[in-house]
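Residue numbers (the UniProt record's numbering), protein chains in the order written: chain A, 1 to 280; chain B, 1 to 542.
Please note: incorrect hints may appear among the correct ones.
[As the list claims (entries may be wrong)] These stretches of chain A come out as covered by chain B in the derived footprint (C-beta under 8 Å, 3 or more residues):
{"#": "1", "segment": "36 to 44"}
{"#": "2", "segment": "213 to 226"}
{"#": "3", "segment": "233 to 242"}
[Stated by the list, open to error] To be clear about the criterion: a stretch of chain B counts as covered by chain A if any three or more of its residues have a C-beta under 8 Å from a C-beta of chain A, and this derived list gives those stretches:
{"#": "4", "segment": "389 to 395"}
{"#": "5", "segment": "399 to 411"}
Honestly, the hints are just simulated from the structure, not real lab data. Bear in mind that the values here come from a model prediction, so they are computed numbers and not experimental data. Virtual Cβ for every residue (Gly too), placed ideally from N, Cα, C.
Chain by chain, the residues:
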Amino acid sequence: MNRDFWKAFARNRGAVVGLAIMAAVVICALFADLIYPTSPWEMSTIPFQPPLSEDAVLGSDTLGRDIAAGIVHGARVSLLIGLTSTAVALLIGVTLGAVAGFHGGRIDDAIMRFTELFQTIPNFVLAVVLVAIFTPTIANIVIAIAIVSWPPLARLARGEFMALRSREFVQAAVTTGQGTGTIIFRQILPNSLSPIIVSASLMVATAILLESSLSFLGLGDPNVMSWGYMIGAARTVIRQAWWMSFFPGIAILLTVLALNLVGEGLNDAMNPKLARKGRA
Amino acid sequence: MSNRLAFLRRIAASGAVAAALLAPAAALLADAGPAVAQEKPQTGGTLNVIVQPEPPILVLGLNQQGPTQTVAGKIYEGLLRYDHALKPMPSLAESWEVSEDGLTYTFKLRDNVTWHDGKPFTAKDVVFTTTKFLPETHPRARANFSHVESVTAPDDHTVVFKLKQPFPAFIKAFEVSSAPMMPAHVYEGTDYKQNEKNATPIGTGPFKFDQWVKGSHIRLVKNENYYLEGKPYLDAISFRVIPDAASRALALETGEVDISQFNDVEPFDVPRLKALPHLDLTTKGYEFVAPLSWIEINHREAPLDNPKFRQALTYALDREFIRDKIWFGLGRVASGPVNSVTTGFEADKKTYEYDPEKAKALLDEIGLKPNGDGVRAEISFTPMPYGETWARLGEYIKQSWSKIGVKVNLESTDVAGWVQKVSNWDYDATNNFVYQYGDPSLGVARTYISDNIRKGVMFSNTMGYSNAKVDDLFAKAAVENDPAQRQQQLSEVQKILVEDMPVIWLLEMEFPTFVNKRVHNAVTTAIGTSENFADVWVDKKN
Numbered sequence: 001m002n003r004d005f006w007k008a009f010a011r012n013r014g015a016v017v018g019l020a021i022m023a024a025v026v027i028c029a030l031f032a033d034l035i036y037p038t039s040p041w042e043m044s045t046i047p048f049q050p051p052l053s054e055d056a057v058l059g060s061d062t063l064g065r066d067i068a069a070g071i072v073h074g075a076r077v078s079l080l081i082g083l084t085s086t087a088v089a090l091l092i093g094v095t096l097g098a099v100a101g102f103h104g105g106r107i108d109d110a111i112m113r114f115t116e117l118f119q120t121i122p123n124f125v126l127a128v129v130l131v132a133i134f135t136p137t138i139a140n141i142v143i144a145i146a147i148v149s150w151p152p153l154a155r156l157a158r159g160e161f162m163a164l165r166s167r168e169f170v171q172a173a174v175t176t177g178q179g180t181g182t183i184i185f186r187q188i189l190p191n192s193l194s195p196i197i198v199s200a201s202l203m204v205a206t207a208i209l210l211e212s213s214l215s216f217l218g219l220g221d222p223n224v225m226s227w228g229y230m231i232g233a234a235r236t237v238i239r240q241a242w243w244m245s246f247f248p249g250i251a252i253l254l255t256v257l258a259l260n261l262v263g264e265g266l267n268d269a270m271n272p273k274l275a276r277k278g279r280a
Numbered sequence: 001m002s003n004r005l006a007f008l009r010r011i012a013a014s015g016a017v018a019a020a021l022l023a024p025a026a027a028l029l030a031d032a033g034p035a036v037a038q039e040k041p042q043t044g045g046t047l048n049v050i051v052q053p054e055p056p057i058l059v060l061g062l063n064q065q066g067p068t069q070t071v072a073g074k075i076y077e078g079l080l081r082y083d084h085a086l087k088p089m090p091s092l093a094e095s096w097e098v099s100e101d102g103l104t105y106t107f108k109l110r111d112n113v114t115w116h117d118g119k120p121f122t123a124k125d126v127v128f129t130t131t132k133f134l135p136e137t138h139p140r141a142r143a144n145f146s147h148v149e150s151v152t153a154p155d156d157h158t159v160v161f162k163l164k165q166p167f168p169a170f171i172k173a174f175e176v177s178s179a180p181m182m183p184a185h186v187y188e189g190t191d192y193k194q195n196e197k198n199a200t201p202i203g204t205g206p207f208k209f210d211q212w213v214k215g216s217h218i219r220l221v222k223n224e225n226y227y228l229e230g231k232p233y234l235d236a237i238s239f240r241v242i243p244d245a246a247s248r249a250l251a252l253e254t255g256e257v258d259i260s261q262f263n264d265v266e267p268f269d270v271p272r273l274k275a276l277p278h279l280d281l282t283t284k285g286y287e288f289v290a291p292l293s294w295i296e297i298n299h300r301e302a303p304l305d306n307p308k309f310r311q312a313l314t315y316a317l318d319r320e321f322i323r324d325k326i327w328f329g330l331g332r333v334a335s336g337p338v339n340s341v342t343t344g345f346e347a348d349k350k351t352y353e354y355d356p357e358k359a360k361a362l363l364d365e366i367g368l369k370p371n372g373d374g375v376r377a378e379i380s381f382t383p384m385p386y387g388e389t390w391a392r393l394g395e396y397i398k399q400s401w402s403k404i405g406v407k408v409n410l411e412s413t414d415v416a417g418w419v420q421k422v423s424n425w426d427y428d429a430t431n432n433f434v435y436q437y438g439d440p441s442l443g444v445a446r447t448y449i450s451d452n453i454r455k456g457v458m459f460s461n462t463m464g465y466s467n468a469k470v471d472d473l474f475a476k477a478a479v480e481n482d483p484a485q486r487q488q489q490l491s492e493v494q495k496i497l498v499e500d501m502p503v504i505w506l507l508e509m510e511f512p513t514f515v516n517k518r519v520h521n522a523v524t525t526a527i528g529t530s531e532n533f534a535d536v537w538v539d540k541k542n
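Assemble the whole structure, with the sequences as input and the hints as a guide.
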């Protein structure tokens with residue numbers, strides 16, 4: 001099974017490249033303190049140093065902070081926010097979707113109308129409002145991103161559960177007297193995981209973009225270095241110092257691209273029929 | 001040398017037309033530099049000025065926000081104007097006299113001044129403005145004129161102010177935004193704020209209100225009956241509302257507008273615009289407001305209540321770096337509570353050089369030792385939500401203080417939240433900047449005297465700083481008629497304040513005023529571009 005999975009995954013060249021980039025980003029995030037031991041906020045060199053300067057490979061920003069250090073430390077924040085907010089969104093979305101899809105009827109109606117309520121409000125606007133109200137801290141940003149991203153997951157999970165609920169193995173479980181919780185978590189969920197994992201991987205990318213946009217607008221946590229913040233702070237001097245916003249921009253681009261490639265690879269590997277032949 | 005200058009000046013004056021005909025001669029004159037500034041003024045043309053944000057109303061007696069001053073400063077006039085050194089000059093008053101005991105101020109008014117609707121301007125208007133209109137509508141004027149016992153008009157062109165006790169700052173109270181003269185015949189006996197003439201303001205100034213297209217521009221036209229012969233030179237002034245900073249910079253670049261002021265141009269754009277050949281940059285013309293920026297500290301929290309702690313925080317900041325790198329070179333490092341261009345400034349007092357080691361020693365002295373993580377104290381800092389520059393300052397402060405073991409947590413707010421927090425004393429440290437209005441009794445004392453610890457009031461003594469000696473000295477200086485004596489009191493209070501460090505003074509702020517080179521005499525007084533522009537003229541397009 002494992003070998004097959006890897007084979008299927010590796011058949012998509014892009015996915016492998018994506019995985020390599022992701023690995024690099026993860027390494028940056030994990031070992032940020034070893035690569036750049038000082039704080040990324042440290043004004044360690046002369047401001048406005050262009051790239052390839054002696055003590056700042058990617059240049060320094062308006063206050064003399066090392067751009068490279070910012071990117072390495074920013075990877076941590078981006079990944080942290082991307083992963084945790086996706087996890088929270090999964091928790092909300094899959095739970096609601098599962099309950100709605102499994103029970104159907106009025107419960108389904110109620111939950112789906114509630115979901116639609118969130119879907120009618122533009123994602124980004126809602127995130128901005130939430131962060132502005134609850135003051136920008138890492139925890140609040142994670143929660144805000146999760147709150148705006150769970151509805152598609154809920155719909156997806158609901159669809160899967162509705163389809164699987166009437167299958168024989170589920171009915172068998174019902175006849176053997178298994179409880180609702182057991183059926184949801186032990187029987188249906190494992191069988192509906194593939195599409196959920198695929199869309200979750202893409203959601204990490206969206207979450208990273210959302211966080212960057214919030215920071216760009218000055219709604220990031222002012223105590224942590226993030227890529228969006230770096231671009232937002234440097235956009236004012238973009239005509240004098242392109243490198244300050246260019247490199248963090250590249251970092252965001254590569255990470256989001258990598259996540260999308262990996263997501264596609266996962267899709268190929270986990271849902272071969274879905275990807276190649278469409279739904280039968 | 002002076003002979004040569006005079007010679008050039010004469011050439012310039014007599015030969016403006018000739019110079020235009022003789023291109024090489026014009027080039028020579030241009031090379032002569034300052035001498036060409038003495039050219040003969042040309043009449044006509046329209047001046048384009050940025051006004052941002054759009055003023056709510058143009059009646060200066062009812063609203064004194066910056067943008068209102070910029071526009072209404074051309075419509076209304078005060079009794080006096082002030083040069084860059086804050087020395088009074090004639091405006092509506094052609095001469096004035098202060099009695100020996102400092103209790104009687106007598107103003108002689110010009111006798112050929114009319115309002116824009118043709119009615120003559122007389123002493124009656126001055127009495128009405130200073131006893132009725134402004135005390136009702138203008139908080140700062142109310143405070144200034146509260147020192148007055150009586151205002152009388154012995155004749156149509158003489159006004160006499162009798163004070164209850166000497167108040168030497170009173171001579172600074174007649175600037176146009178502090179005391180704009182309002183027409184008694186329009187407002188007397190009406191509800192000032194609801195008067196229907198507020199939509200078409202009537203003043204005595206060199207420009208009259210013409211048109212206001214909301215969200216786009218305000219147009220003023222020449223007052224043909226202005227009392228100074230041959231002035232104003234301009235036909236019209238168009239004030240353009242341009243909400244976006246990048247568009248404002250672009251409008252200056254393309255020559256679409258001629259003048260910008262205060263925060264119209266963001267500090268980071270200044271070096272770029274400064275390099276453009278058709279723009280002049282000046283930082284003069286802010287002497288009257290003389291803003292001073294500082295880090296405001298809540299004395300109700302330990303260890304912020306300890307002067308030594310505040311001194312340590314000061315030593316840990318490189319204020320030259322702040323000026324050069326965050327404000328792109330705009331401003332002067334502040335040495336104390338009084339801006340060096342404000343009356344009563346004392347230069348000889350304790351200074352705080354950038355010295356983190358001294359800061360650490362002070363913290364050791366008051367028993368704040370680093371814990372396992374090297375942290376001696378933890379405070380929150382709420383940067384002023386006034387844009388990028390203040391956010392960068394917050395980041396700089398956090399980093400600088402962390403080096404002496406003071407951990408800072410930055411907190412973000414919006415403007416309303418910030419005012420709410422600071423005025424209700426719910427903060428540890430934040431930034432602020434306050435105008436000084438030319439005299440310590442007008443714009444400095446208010447943030448340090450304990451009488452002014454008033455919850456819910458912004459720009460009061462929100463730190464909760466209290467020192468009986470400071471209260472006493474400010475109170476004495478306010479009513480001290482002898483200049484030498486007064487200077488002594490003001491000097492002493494400044495020396496005490498720099499020991500106590502109730503706030504950490506950062507910069508005597510300078511704002512960039514960009515003026516297109518085709519414009520002449522744009523900034524000539526202490527209020528810069530809020531001046532009436534009677535003397536401003538522009539080169540005709542070829």
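Do the hints match the structure? See the list:
no.	hint	result
1	36 to 44	holds (count 4)
2	213 to 226	holds (count 4)
3	233 to 242	holds (count 5)
4	389 to 395	holds (count 4)
5	399 to 411	holds (count 5)
Of the numbered hints stated above, none is contradicted by the structure.
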